[in-house]
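Participant: First to last, the protein sequences are chains Z and L.
Oh and the first sequence: position 126 is 145 in my numbering, straight run, nothing missing.
Oh and the second sequence: position 128 is 1290 in my numbering, straight run, nothing missing.
Treat the hints with care, since some could be wrong.
Unchecked claim - Footprint (simulated), chain L over chain Z, 3 or more residues, beta carbon under 8 Å:
| id | segment |
| --- | --- |
| 1 | 269 to 277 |
| 2 | 436 to 445 |
To be verified - Simulated restraints on C-beta separations:
| id | chain 1 | residue 1 | chain 2 | residue 2 | range |
| --- | --- | --- | --- | --- | --- |
| 3 | Z | Glu404 | L | Lys1265 | 29 to 37 Å |
| 4 | Z | Gln44 | L | Asp1200 | 52 to 60 Å |
| 5 | L | Glu1288 | Z | Glu252 | 21 to 29 Å |
| 6 | Z | Thr490 | L | Glu1288 | 52 to 60 Å |
| 7 | L | Leu1281 | Z | Ser274 | 25 to 33 Å |
| 8 | L | Phe1284 | Z | Ser274 | 25 to 33 Å |
| 9 | Z | Ser274 | L | Pro1205 | 23 to 31 Å |
| 10 | Z | Trp440 | L | Lys1303 | 17 to 25 Å |
| 11 | L | Leu1281 | Z | Asp246 | 42 to 50 Å |
Note that these hints are calculated values from the structure, not bench results.
On a predicted model such as this, the values are computed, not experimentally measured, just so you know.
For every residue, glycine included, the Cβ atom is placed at its ideal position computed from N, Cα and C.
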Amino acid sequence: MKSTICSALALTLAASVAHAQDLPQAQNAWFTAGQERIQAELAKQPNTNVAKNVILMISDGNGVGSNYATRVFAGQQDGGFGDDFIQHHETFPNLALVKTYNVNAQTPDSAGTGTAMMAGVKTKIGVIGIDEDVVRGDCSTLEGNTVKSMNEIAHDMGKATGIVSTARITHATPASAYSKSVDRNFEASVPEGCDTQTDIATQLIDAMEAGVIDVAMGGGMRNFHADEGGRREDGVNLIERAEGLGAHFAMDQASFEAAPLDGTPILGLFENSHMMYEADRTDEPSLAEMTEAAITALQASGGDNGFFLQVEAGRVDHANHATNAARMVRDGVAFAEAVAIADALTDDEDTLIVVTADHEHALAFNGYCGRGSNILGLCMDIDNEGIGHTGEALLGDDGKPYTVIGYLNGASSILREDMNWAGVRPDLTEEDATDIDYVQQALIPKSSETHSGEDVAVYAKGPYGHLFDGTIEQNVIFHVMHHAMTTEAM
Amino acid sequence: MQRRDFIAAAAGALTLGVAGPARASDDEIRLRELYNKDMSFSPLAEGLEGDRVAVSGFMAPPLKANSKFFVLTKMPMAVCPFCETEAEWPDDILAVYTKRTLKVVPFNVPIVTEGVLELGTFRDPETGFLSRVRLANAVVKHG
Chain Z
20 MKSTICSALA LTLAASVAHA QDLPQAQNAW FTAGQERIQA ELAKQPNTNV AKNVILMISD
80 GNGVGSNYAT RVFAGQQDGG FGDDFIQHHE TFPNLALVKT YNVNAQTPDS AGTGTAMMAG
140 VKTKIGVIGI DEDVVRGDCS TLEGNTVKSM NEIAHDMGKA TGIVSTARIT HATPASAYSK
200 SVDRNFEASV PEGCDTQTDI ATQLIDAMEA GVIDVAMGGG MRNFHADEGG RREDGVNLIE
260 RAEGLGAHFA MDQASFEAAP LDGTPILGLF ENSHMMYEAD RTDEPSLAEM TEAAITALQA
320 SGGDNGFFLQ VEAGRVDHAN HATNAARMVR DGVAFAEAVA IADALTDDED TLIVVTADHE
380 HALAFNGYCG RGSNILGLCM DIDNEGIGHT GEALLGDDGK PYTVIGYLNG ASSILREDMN
440 WAGVRPDLTE EDATDIDYVQ QALIPKSSET HSGEDVAVYA KGPYGHLFDG TIEQNVIFHV
500 MHHAMTTEAM
Chain L
1163 MQRRDFIAAA AGALTLGVAG PARASDDEIR LRELYNKDMS FSPLAEGLEG DRVAVSGFMA
1223 PPLKANSKFF VLTKMPMAVC PFCETEAEWP DDILAVYTKR TLKVVPFNVP IVTEGVLELG
1283 TFRDPETGFL SRVRLANAVV KHG
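Based on the sequences and whatever the hints tell you, model everything.
Facilitator: If you want it as structure tokens, here you go:
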């Protein structure tokens, strides 16, 4: 491994620098690790190869805060304190912070942000694949305002393309790969009189028929048929239509595993609505399994021309909406596993992998917690004589313990309608707080916790990954991918 | 991966203590204990069929006023304008038919409800609500 060689070299160099300066802290493990990092940074070389393949991996709602929670959780599951754990994407050499707002929304949604990342222009909240000159929900404003997505551009270059999501495959983020819709909610039908677009599910099968999308796997089966449980008002069975086009249809673990990965188009719809949370998953593939299958299939389909793939961990967002951090972090871990498999199956020399989130949520972190406080549990006191926490829960001025994670709003608000919206925090034990179904305390009562406008991070490796730097507008993510994919070899 | 394994090793004893599946109290059942992962009924549910049991959860906003019916959810019922087009019932819910007209409890307040456990598909002739598991002749207690 190149990184191992670099590390060994760095250690040698670090030791010599420290020795030369004769600093008293030179043998401290933190000091030598810091020196090692500097040497690794100095050894970085920009990769200016053409990106034959581009993989955009979006963890929906996984801003810097949510990502931090998952990091600590993963590290604690691994037996450590958690905060020094490194998720796979956190090993990537390039990083930027991303401003996620939509043109008319300080707090963005996944439709506007998906369009920014997939087509290079910011647009309004709630619309997909169209620019800001539309009026949300008004089909008459669609024409002349559509934009072209990464999947469509890659297809024009002869590449294979795919989408994988644990949300409905017609949900905002995956839809930004193939759909032009004045409203994200037109998943299975459009309003009467809307004659400028079809529904999002129909647009997916149209894209498969046109060869733009080769692999599509996620949830949302109900939007593709009119049988029991189906939502299609036009009675059309889009699954049969896809099969008629030669696609393999998968709906459970067995039919997923039976999918030919030889370039045959694949349509996977594993739930009527969203796929299960990772914590509850049964008889359907994980995000990592779907990512592996999609990459293998796209490699076969794209051949020397390569591929573009969008992967979404859709349910990090939903667990945050429910203020259920326990499921949020478990889907976050599943996302990191998908990133790892994508990296393992590809070569940095010809594949740009971009890992990001579309927006953050209204979660925040309490203090001052000692190290090793369960990220899902109570904030434990700092031990001034040691490293790990004392085991004593810190108390608010109301005399009650509090969790490390809290939400600013949501259905788990401590304010009660039957008390004229006054509130008293429920008492809490570590056992309650670390239960899989526990919902963290929230302040403002809302039926669903909201997104926030806070920055997210973008991590990258591979060709032109070094163009991610500083604080960028979200639409720049497209421009880096596009440049890496279309530039001339240097 | 752990960057500082020597610290992690020292931390082991302090960071353990992850809680396993827990009951709200000894005589209360959590909603999820009624189901297996594949949403079939658990042995516990089948063993308690016909018995009077107490189940913890949250009262979803009732479908109509002055009702004797509500849905118990394991988490506060959420309607998300930017992830759903409409309210969606989770799979693991419990239909509760109360002994008396319901006194509505806000959806974010934990409750315990006690009634006779009934298993099997049933469509409410009045509301059309389809349930697989119910509490009958129930009373609601605040958590």
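Participant: Run every hint past the structure and note whether it holds.
Facilitator: Here is what the structure says about each hint:
Residue count for the segment 269 to 277 of chain Z with a Cβ under 8 Å from a Cβ of chain L: 0. That is fewer than the three needed, and the coverage hint is violated. Against chain L, the segment 436 to 445 of chain Z contributes 3 residues with a C-beta closer than 8 Å to a partner C-beta. That satisfies the three-residue criterion, and the hint holds. One distance hint, 29 to 37 Å for the beta-carbon pair glutamate 404 of chain Z and lysine 1265 of chain L, is violated here, with the actual separation near 52 Å. For the pair glutamine 44 of chain Z and aspartate 1200 of chain L, the beta carbons lie near 56 Å from each other, so the given range of 52 to 60 Å is met.
At roughly 27 Å, the beta carbons of glutamate 1288 of chain L and glutamate 252 of chain Z sit within the given window of 21 to 29 Å. Taken as a hint, the range 52 to 60 Å holds for the pair threonine 490 of chain Z and glutamate 1288 of chain L, whose Cβ atoms sit roughly 57 Å apart. Taking 25 to 33 Å as the suggested C-beta distance range, the pair leucine 1281 of chain L and serine 274 of chain Z conforms, at roughly 30 Å. The hinted window of 25 to 33 Å between phenylalanine 1284 of chain L and serine 274 of chain Z holds, with their beta carbons roughly 32 Å apart.
For serine 274 of chain Z paired with proline 1205 of chain L, a C-beta distance near 29 Å keeps the hint of 23 to 31 Å intact. Between tryptophan 440 of chain Z and lysine 1303 of chain L, the C-beta spacing of about 23 Å keeps the proposed range 17 to 25 Å intact. Checked against the hint of 42 to 50 Å, the C-beta distance between leucine 1281 of chain L and aspartate 246 of chain Z comes to roughly 27 Å, which is inconsistent with it.
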